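Undergrad: Sequence:
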Amino acid sequence: MDLLLHILFSGIAIGVLISAPMGPVGMLIIQRTISKGRWPAFFTGIGAAFSDLCYCLLTGLGISFVTDLIENNQQPLQIVSGVVLAAFGIFLFRKNPTRALQPNTSEAPKNYLADIVSGFFITVSNPLILFFIIGLFARFELITPDFTFLHYILAYACILGGALMWWYLVTMLVNRLRRRINVRSLWLINRIIGALLILMAIAGVVMAFLPEKPA
Numbered sequence: 141m142d143l144l145l146h147i148l149f150s151g152i153a154i155g156v157l158i159s160a161p162m163g164p165v166g167m168l169i170i171q172r173t174i175s176k177g178r179w180p181a182f183f184t185g186i187g188a189a190f191s192d193l194c195y196c197l198l199t200g201l202g203i204s205f206v207t208d209l210i211e212n213n214q215q216p217l218q219i220v221s222g223v224v225l226a227a228f229g230i231f232l233f234r235k236n237p238t239r240a241l242q243p244n245t246s247e248a249p250k251n252y253l254a255d256i257v258s259g260f261f262i263t264v265s266n267p268l269i270l271f272f273i274i275g276l277f278a279r280f281e282l283i284t285p286d287f288t289f290l291h292y293i294l295a296y297a298c299i300l301g302g303a304l305m306w307w308y309l310v311t312m313l314v315n316r317l318r319r320r321i322n323v324r325s326l327w328l329i330n331r332i333i334g335a336l337l338i339l340m341a342i343a344g345v346v347m348a349f350l351p352e353k354p355a
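Residue numbering for the sequence shown follows the working numbering, starting at 141 and increasing by one per position.
Treat the hints as calculated values from the structure; they're not laboratory data. All values reported here derive from a predicted model rather than from experimental measurement. Backbone N, C-alpha and C fix where the C-beta goes; we use that ideal spot for every residue, glycine too. Be careful, since some hints might not be right.
Stated by the list, open to error - Computed Cβ-Cβ distance ranges for the label pairs, DEER-style:
| hint | residue 1 | residue 2 | range |
| --- | --- | --- | --- |
| 1 | P161 | V223 | 31 to 41 Å |
| 2 | R320 | A278 | 41 to 51 Å |
| 3 | W179 | T284 | 31 to 41 Å |
| 4 | N315 | I230 | 17 to 27 Å |
| 5 | W179 | F261 | 12 to 22 Å |
| 6 | P285 | A254 | 36 to 46 Å |
| 7 | I219 | G275 | 17 to 27 Å |
| 8 | L145 | F261 | 34 to 44 Å |
| 9 | L143 | A348 | 19 to 29 Å |
Input sequences plus hints: build the corresponding full structure.
TA: Here it is in C-alpha cells:
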C-alpha cells in the first residue's frame, strides 16, 4: 500500500511539475483559451501531456543513447526548436483577433485533433526537457528495481493524469477571465505572447551558437 501511495503521489507531482513552467505551450494554451475557448485549449494541453509522457517513457526505460544523442546534437536541436517557436510566434503576432470573437454560426466545426497535434509538436520540439524529467524521476524516486509491470503502468498513468489535471485547471481559470476581454485586449495578448515566443526562439538560437563553458 505504501508503494502504491508513493507511485500515486510521485506520478501526479511529476506530471504537474513538467507542465507547470509557463513555456511556449503554456502561452499557446492561454492564448487559445481566450481566442478559441476552453476546450480547444484543453485539447492542446492533451497533446502537450502526451509529448511529456513520451519523454517520461524514454527516461523510465533508461534509453541512454537518447540522452547521448541530445547532448551531442544540442545545437541543431535548439535551432529547430527556435524555428518552430518563431513560426508560432509570428502566426500569433499577425493573427486577427476579431475573427475569434465573431458568432459561431458560420464557423467550421472545431478541430480538436489539430489542437492535440499542435500541442504535441510544440512540446516535443524541445527534447532538452528530458534532462528536467530525469531530475524529477531521481528526486521522487519514481522508478525502482522493485517495480512490476503494473507499477510502471500506474506510474505513467499518474504522470499523464497530473499533466491533464494541470491543463484542466489552467484552462478553467483562464476561461473565467475570458468574458472580461474585448477585441483590443485580445489583440494585445496575441502580440505579447507572439513576441515572447519570438524572443524565446531568438534566445534559443543564440544560445546554440554560444561557446560552451569548460567543465
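Undergrad: Go through the numbered hints given earlier and state which of them the structure violates, listing their numbers in rising order.
TA: 1, 9
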